[in-house]
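With the sequences and hints as input, model every part of the structure.
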Amino acid sequence: MGSLLSLKKGLQVLVVDSHADSRELLIILLEQYGVETLTAACVEEAVDIMQQASPNLVISELVFPGEDGYSLISQVQAFEMVRGVRIPAIALTVCAQERDRTRALAAGFCGYLSKPFNIAALVQTAACALEQAEARL
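Each residue of the sequence shown is one higher than the one before, starting from 1 at the first, in this note's numbering.
For the record, the hints were derived by calculation from the structure and aren't laboratory data.
Cβ coordinates follow ideal geometry from the N, Cα and C atoms, glycine included.
Hints are supplied without guarantee of correctness; some may be wrong.
[To be verified] As a list, the in silico EDC-like pairs of lysine to aspartate or glutamate whose alpha-carbon atoms are at most 20 Å apart:
1) Lys115 x Asp68
2) Lys115 x Asp21
3) Lys115 x Asp48
4) Lys115 x Glu98
5) Lys115 x Asp100
[Said to hold, decoys possible] Simulated restraints, written as ranges between beta carbons of each label pair:
6) Asp21 x Met81: 18 to 24 Å
7) Ser114 x Arg83: 25 to 31 Å
8) Gln132 x Gly10: 17 to 23 Å
9) Glu131 x Glu67: 16 to 22 Å
10) Asp48 x Asp21: 33 to 39 Å
11) Arg83 x Ala20: 25 to 31 Å
12) Lys115 x Glu45: 19 to 25 Å
13) Ile49 x Arg99: 26 to 32 Å
14) Ala96 x Glu24: 20 to 26 Å
Below, the structure is given as C-alpha cells:
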C-alpha cells in the first residue's frame, strides 16, 4: 500500500481547481514532497496543459463553471489511449455525498476525497494511485 515516501521527487502532478486558494494549498503541500505541480483553473486549461506536458497524476475538483470534472476524466482517459500511458486521477471535491463518490469512481477517478480533506489521506491516496498505475503498465 502507498506511503508518504511513494511521493518521490520528479513526479509531476496536475492540480485542477477553479479556486486559486485551493490550487495554492495543494502546490505548497506537494512541493513539500518535492513534487512538481502544474495548475489549471478549468477543464479547458487542464487539457491545454496535458497536450504539452505528461503529468504522472491529476488531482481535480469535480465542480467547475462550464465543463465539469467528469468531462476532464474522459479527456484524461483519451490521453491515456493516445499516449499509451496510465494517468491516475483523484477527485478532491466539495461534493461530499456518497453518490458523488460512487459517480466519480465509476467515471474513472481512482481516488476520491471530499473537502475539507486530511493531508495524510490525500498523500496516501496519491501514493496508492501512483502504485496502482505503475502496476498496470
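Hints, one by one, checked against the model:
This hinted pair checks out: lysine 115 and aspartate 68 have alpha carbons roughly 17 Å apart, not beyond 20 Å. In summary, the hint linking lysine 115 to aspartate 21 is supported, as the alpha carbons are separated by about 13 Å, within the 20 Å threshold. Distance restraint check for lysine 115 and aspartate 48: the Cα-Cα separation of roughly 26 Å exceeds the 20 Å cut-off, and the hinted pair is therefore not satisfied. About 13 Å separates the Cα atoms of lysine 115 and glutamate 98, which keeps this hinted pair within 20 Å; it holds.
Distance restraint check for lysine 115 and aspartate 100: the Cα-Cα separation of roughly 12 Å lies within the 20 Å cut-off, and the hinted pair is therefore satisfied. For the pair aspartate 21 and methionine 81, the supplied restraint of 18 to 24 Å is violated, since their beta-carbon distance comes to about 34 Å. Checked against the hint of 25 to 31 Å, the C-beta distance between serine 114 and arginine 83 comes to roughly 30 Å, which is consistent with it. Between glutamine 132 and glycine 10 the C-beta distance comes to about 19 Å, which sits within the given range of 17 to 23 Å.
Evaluation of the 16 to 22 Å hint for glutamate 131 and glutamate 67 yields a failure: the beta carbon distance comes to about 29 Å. The hinted window of 33 to 39 Å between aspartate 48 and aspartate 21 is violated, with their beta carbons roughly 22 Å apart. For arginine 83 paired with alanine 20, a C-beta distance near 29 Å keeps the hint of 25 to 31 Å intact. The hinted range of 19 to 25 Å is satisfied by lysine 115 and glutamate 45, whose Cβ atoms lie roughly 20 Å apart.
The beta-carbon spacing between isoleucine 49 and arginine 99, approximately 30 Å, falls within the hinted interval of 26 to 32 Å. Evaluation of the 20 to 26 Å hint for alanine 96 and glutamate 24 yields a pass: the beta carbon distance comes to about 22 Å.
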